[in-house]
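Asker: Note that my numbering has the sequence shown beginning at 1, numbered continuously upward.
No lab work stands behind these hints, which were simulated from the structure alone.
Backbone N, C-alpha and C fix where the C-beta goes; we use that ideal spot for every residue, glycine too.
Please note: incorrect hints may appear among the correct ones.
[Unchecked claim] Simulated restraints on C-beta separations:
1. 6 - 36: 17 to 25 Å
2. 88 - 67: 30 to 38 Å
3. 111 - 74: 15 to 23 Å
4. 5 - 70: 20 to 28 Å
5. 4 - 36: 41 to 49 Å
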Amino acid sequence: MASVWTELLIDCEDPHRLADFWRAVLGYAHIEEDKDGDVLISDVARTPEARSSGAFPPALLFQRVPDGPKKAKNRLHIDLTPNDRTRDAEVERVLALGATRVDIGQGEKVSWTVLADPEGNEFCVLRGYVGT
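Given the sequences, and given the hints that come with them, work out the whole structure.
Answerer: Structure follows, in structure tokens:
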């Protein structure tokens, strides 16, 4: 059996702030915090049975780091595909949650929109399953 992707770790200055933002973006309801203040969000309780089944989207783990603000473009980013609204409607919803538009040289004639979370981590909103 191959490995199961369970978490994406995101270095940040304020784990709670980013966890709250991403919980609102993704609709994740479950949250765990460890003794160091790192915060994990997911859409389900992560029991050993659930982890081994691999039947859930990866969790996001926000880890406080002393590096200060992000200084360069991400080498890895999240792509979102809205399933109940258009890309443009999702972009507006996520902007209202605290995202900002980002130009990373993508040009104007692309089918995605590049945004950044409150700490500057880039992510894309792709065309949704409902229209554009």
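Asker: Determine for every hint whether it applies to the structure shown.
Answerer: Taking the hints in turn, this is what the structure says about them:
1. 6 - 36: 17 to 25 Å: Between residue 6 and residue 36, where Cβ atoms are some 19 Å apart, the hint holds.
2. 88 - 67: 30 to 38 Å: Holds, since residue 88 and residue 67 (Cβ atoms, about 34 Å apart) stay within the stated range.
3. 111 - 74: 15 to 23 Å: Cβ of residue 111 to Cβ of residue 74: about 20 Å, so the range 15 to 23 Å holds.
4. 5 - 70: 20 to 28 Å: With a Cβ separation near 23 Å, residue 5 and residue 70 satisfy 20 to 28 Å, so the hint holds.
5. 4 - 36: 41 to 49 Å: Once the Cβ atoms are compared, 24 Å apart, the range 41 to 49 Å for residue 36 and residue 4 is violated.
Checked against the numbered hints listed earlier, the structure breaks hint 5 alone; every other hint is satisfied.
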